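Be aware that the sequence shown starts at 353, since it is given in this note's numbering, and climbs by one per residue.
Hints in this document: simulated from the structure, not taken from any laboratory.
Do not take every clue at face value.
Unchecked claim - Have a look at the derived ranges for each label pair, beta carbon to beta carbon:
#1 Thr354 to Val374: 27 to 35 Å
#2 Ala356 to Arg387: 44 to 52 Å
#3 Arg361 to Thr384: 46 to 54 Å
#4 Leu355 to Leu386: 43 to 51 Å
#5 Leu386 to Thr354: 41 to 49 Å
#6 Gly360 to Val382: 31 to 39 Å
#7 Ala378 to Leu355: 42 to 50 Å
#8 Arg375 to Thr354: 27 to 35 Å
#9 Thr354 to Glu376: 45 to 53 Å
In this text the structure is predicted, and so the values were computed from the model without any measurement.
Virtual Cβ for every residue (Gly too), placed ideally from N, Cα, C.
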Amino acid sequence: MTLAGCAGRTGGAAIVVLSARVRERAEQEVVTWLR
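Please model the complete structure; the sequences and the hints are all you need to start from.
Have a look at this one:
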């Protein structure tokens, strides 16, 4: 496993986790807004 491959895999996982968190946060804000 090359360093670049390892970094790419880690970065991809981080992006997936971040986008999931952002989506959760956005949904919560929308729900709060609609109330």
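Item checked: Indices of hints not satisfied (ascending) -> Hints 3, 7, 9 are the ones this structure does not satisfy, whereas the remaining hints hold.
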